[in-house]
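Enquirer: Listed below, chain by chain, are the residues.
2 protein chains.
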Amino acid sequence: MIRHAIVTLMMIAGIMNANASGSKDKRPNVIIILTDDQGTVDMNCYGATDLYTPHMDALAQSGVQFNQFYVAAPVCSPSRASMLTGQNPHKAGLPGNASSQAGHSGMPTEKVTIAEIMKANGYQTAHIGKWHIGYTPETRPLGQGFDYSFGHMGGCIDNYSHFFYWNGPNRHDLWENGQEVWHDGEYFGDLMAAKANEYISAHKDQPFFMYYAINMPHYPLQPKGQWREYYKDMDMPRRDYAAFVSTIDEYIGQLIKTLDEQGLRDNTIVILQSDHGHSNETRTFGGGGSAGPYRGSKFSLFEGGIRVPAIISYPKKIKQQQQRNQMALNIDWLPTIADYCDIKSLPAEVEGISLRKVIEKNSNSEHEQFIWKSGGSWAIRKGDWKLIGYPQDQSGKGVLDPDNDMLFLVNLATDSTEMLNLAKQYPGKVEELKAEYLKWEYASADDIPVKRQTFKHKAIGHKIELTKAPHPKYKGKGAAGLIDGEAGTRFHNDGYWLGFEGNDAEMVIDFETAVTANEITVGAMHNPENWIFFPSYIEVSWSNDGSAYTKAVKIAVKEPEQRNNYARQRFSIQQEDINARYFKVKVKNVETCPAWHNGKGNKAWLFIDEVTIN
Amino acid sequence: MIRHAIVTLMMIAGIMNANASGSKDKRPNVIIILTDDQGTVDMNCYGATDLYTPHMDALAQSGVQFNQFYVAAPVCSPSRASMLTGQNPHKAGLPGNASSQAGHSGMPTEKVTIAEIMKANGYQTAHIGKWHIGYTPETRPLGQGFDYSFGHMGGCIDNYSHFFYWNGPNRHDLWENGQEVWHDGEYFGDLMAAKANEYISAHKDQPFFMYYAINMPHYPLQPKGQWREYYKDMDMPRRDYAAFVSTIDEYIGQLIKTLDEQGLRDNTIVILQSDHGHSNETRTFGGGGSAGPYRGSKFSLFEGGIRVPAIISYPKKIKQQQQRNQMALNIDWLPTIADYCDIKSLPAEVEGISLRKVIEKNSNSEHEQFIWKSGGSWAIRKGDWKLIGYPQDQSGKGVLDPDNDMLFLVNLATDSTEMLNLAKQYPGKVEELKAEYLKWEYASADDIPVKRQTFKHKAIGHKIELTKAPHPKYKGKGAAGLIDGEAGTRFHNDGYWLGFEGNDAEMVIDFETAVTANEITVGAMHNPENWIFFPSYIEVSWSNDGSAYTKAVKIAVKEPEQRNNYARQRFSIQQEDINARYFKVKVKNVETCPAWHNGKGNKAWLFIDEVTIN
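Protein chains in written order, with full-length UniProt numbering: chain D, 1 to 614; chain X, 1 to 614.
Treat the hints as calculated values from the structure; they're not laboratory data.
Since the model is a prediction, treat every value here as computed from it, not as a measurement.
Keep in mind that a hint or two might mislead.
[What the hints assert, rightly or not] Taking beta-carbon pairs under 8 Å as the criterion, some of the chain D residues facing chain X (in silico):
no. : residue
1   : N159
2   : Y160
3   : P169
4   : N170
5   : Q222
6   : T282
7   : R283
8   : G461
9   : K463
10  : A479
Using N, Cα and C, we set each Cβ at its ideal position, and we do this for glycine too.
Same shape as in the complex, but just chain D (with noise of 0.2 Å):
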């Protein structure tokens, strides 16, 4: 409701300003390009020698090109709410990604974006291309602020069919202003290129804010045939790869071809950006992209995950020809365009900074230090130096050590490939950063690297038996290693946890003669990105002959308080002087994702592990 009455405010104040500007609203037009995995060099003027990529380097060299731009999330759907909300992905309420299945909510709606932003403040709104941040009506673009939306809702799309494949049963996935439409076998590139033409010749008189992301060169690889022809004697997968880059290079040649021949051209604010690093995913045939001298790629918190190409070009306002070496973020975009378009008033969760003194005075950065949170791993970057909790890596430049390298430590100003994890060599810079992580408010005690806990307890090495089995991806050790002394570690798919889906986990442990016992543990997660949720109850009884047992103890869960976050913990039945041979204890799942879950209504997850008995 709040949010809600800063809107309507909002919008009442644009619509003055529209008044006051006189009868033709002077207003620069702004038109984001985002493009999908396109990794951190590919583009001429980023370093890419063997791609062809003119209009992308026109578009830089007519303006300013950012070389050391980060996105907040190194995945598609965090990366993109953060974009248009100008939050952090966490605060923005989408910290993984979102489903790609009709019916699945994604980013909460009382989210303030750029598009309701312009919209309140007398803009005309357009989505052309991917979405992936909600497949409900009130999180599909019309739900967040668009007044015009063309394109797939999911993760990607075959190109010619506009079906999704990649999950479940394959379905068709191309949307129009909120209506299912049917373009069989026209290329979606072609597609968006006409809708984006024909939007912007109907409103060249009104000032318009448009979202173009291009779905490219993210899987499938199905870049044009002129392009393929272009690149044939290149070796896969960079060949498909780069045919699909230079595709989006004419489609961007040709939007601005378009803003020409409409006259529009010197009062447009035409950003470009890549979502993310370039995926090295087997749907890509391992790769394809190229972070360059960087480490990391796609789902990585290394600067090859992270660090994207970014361009801004304003030629009525910006100078050509201008390079930034300055950090800054995507979450700046929304503020910095505010800030073009005389949009004073901006939600309070804002944390982007207009980068117009970076853009025009080369001043220094506003950001003295920024945090990220994604798939398990953490980063914090503080000047130059950065510390990465759990790094990932599937970039294959190196090989981080499990013992050493959980906490990894640079300076990326003089080793910006991340190579050497300086976390031994400043123990003190360490604990600065740590510390400064743990004040974040997203941020959890177990973020922090620990070694794996271990037990000691009565059922050590006993039998046990599980009367549902785990899903098969989430065996753990089997039913053995529940009660072997070790427990999981911060990951849920670390080979420990024992994963139930939309089951309980319900055992029978037998000491095979009777034990005294006082307290039983059952360690438990709750990852709501990876859709697991702490169990509803858990209740234990025990038995002396295996077939009689007692009423049951039983313990009701809660959720954690800040119930979006990660969370582990232990839960203990006590019980005084049991005396028993057989202990069944059951957990009981969730069964669905809760009502404030973007998953709600999907089976939920129940991860367990280590269960003592002492």
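Using the hints provided, position chain X relative to the given structure of chain D.
Expert: Chain X alone, transformed into the frame defined by chain D:
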């Protein structure tokens, strides 16, 4: 070499034949239209009331409709291989699905296909559509007797981009005469139809054989827009499936029209058949097709998996408006076609029998009996009796009792729905059919369901550690399950077997105190259909302190003699007077599929269960 000699002889005979028939060869043209995953009754003339299939129905009206027509396998590749060779899929060398990845072979090249026979007899031969029985130059269509080929080599494609999406990276799969071709955005149905039309027009003056393998209504469900519109009020998943069936129907109409226009209809044999029953896979949204009153679907040996619509039309020689209720088989087309085309000499391996007498004289079926074996199930039909071993049923029509339904007996004359298992009522019939089945060349004693084997041995319940984890999909009951006294069953995916992809199984069993022993046994599976092979060797060593081990005792393991067949075996390592606490057992994976196998060079699977120590 022998094959080549036969083919050469046939070719000489064929050419003589052609010459003998005068300057214009008057033999009929032959077109086999094979549809993909079309359900048993999914044509109006087979009982569907909600489908629009006028051209299929007209084809049935113009010739003979078979009402008890079987395919030799309920799965794609073996069904196709059997039809093209006139042999059961085991004899044809392709009992399971071929790979959809380029570079993987399929049906062995030495098998003689109908295309090779027709070509040797002066026919022009064409393949249009899906292939899926080999993806190497030798096993693709041009290597198997076709003069011309257009289509995709794997199991399915997106119909607009012609990409294969279902395993590994997303790959383009469209070929013409062995060369990759690109038709970005063009609907595959239209492409096939255009190629078929061109081919027929170009070959109207010489007899041709065309294998027109329409890849529909197999997933992805991508009907033409007008049929999507026609069925828009139907419920999913039937809606898209129905639209896809009518899409096929339209193409069949086009084909018949072309034949009419070219004046070829009268002297062309047109056969229409589905490759097996409809799919219940997630990829078809759990269903869409129908087997009508019959139980089972794709993958099942109940009627719904193997009984398919089948029609032959040959206006010049075959009477119109005929129905046949005799049992007939897809392997019969080859000899039937040979019969009508005056081809006298067929390879001795052909098991099919010409249907000419059934067609023309309505005589009894030539098949007293037939045997199927697919995916762990097998079945024998003799007269009206049918016995299924290890039945599978994903159609949801009934529940199979794991204790009582592993041998499932029906009498199709009294119950074609197969809902009632008569095995207990007619034990003599079960024994008779079982004995008959076991006489079959490709049967194995191990195919006969038995209770799960249990063992008493010393290691049961002791500590065990695996040094390499099994594949997450096949973790069995965890390491502890290897020494729990119970062996895995016939099926590698029964939840008992531990499977290792490319890796060895290495374990240490710790008795916690020294024990005496003289025999260690390991159970393993050989299941080439699923890329599972016996290990290459097994090694055992033992220790009292867990670090100093004896020199390993090693036994080499050989492939089973009938290496194409499923087998299970226990391997025994014997040694007098072992006295030790720790036993280290290494079961060596063959690592890659052997040269004779169609997975050649790919990672091999090792499956083991129950390691005993006594």
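Enquirer: Give a verdict on every hint.
Expert: Right, here's what the structure says about each hint:
1. Interface restraint check for N159(D): the shortest CB-CB distance to chain X comes to about 7 Å, inside 8 Å, so the restraint holds.
2. For Y160(D), the interface hint holds, since its Cβ comes within 8 Å of a Cβ in chain X; the closest pair sits about 4 Å apart.
3. With a least beta-carbon distance of about 5 Å to chain X, the hint placing P169(D) at the interface is held under the 8 Å criterion.
4. At a threshold of 8 Å, the smallest CB-CB gap from N170(D) to chain X is about 4 Å, leaving the interface hint in force.
5. The closest approach between the C-beta of Q222(D) and any C-beta of chain X is roughly 6 Å, which is under the 8 Å cut-off, so the hint is satisfied.
6. Against a cut-off of 8 Å between C-beta atoms, the interface hint on T282(D) holds, since the closest Cβ of chain X lies about 5 Å away.
7. Taken as an interface hint, R283(D) checks out: its beta carbon lies about 5 Å from the nearest beta carbon of chain X, inside 8 Å.
8. Here the hint on G461(D) is kept, as its CB sits about 6 Å from the closest CB of chain X, short of 8 Å.
9. About 6 Å separates the beta-carbon of K463(D) from the nearest beta-carbon of chain X, less than 8 Å, and the hint is met.
10. The interface hint given for A479(D) is met, as the beta carbon of that residue sits about 6 Å from the closest beta carbon of chain X, less than 8 Å.
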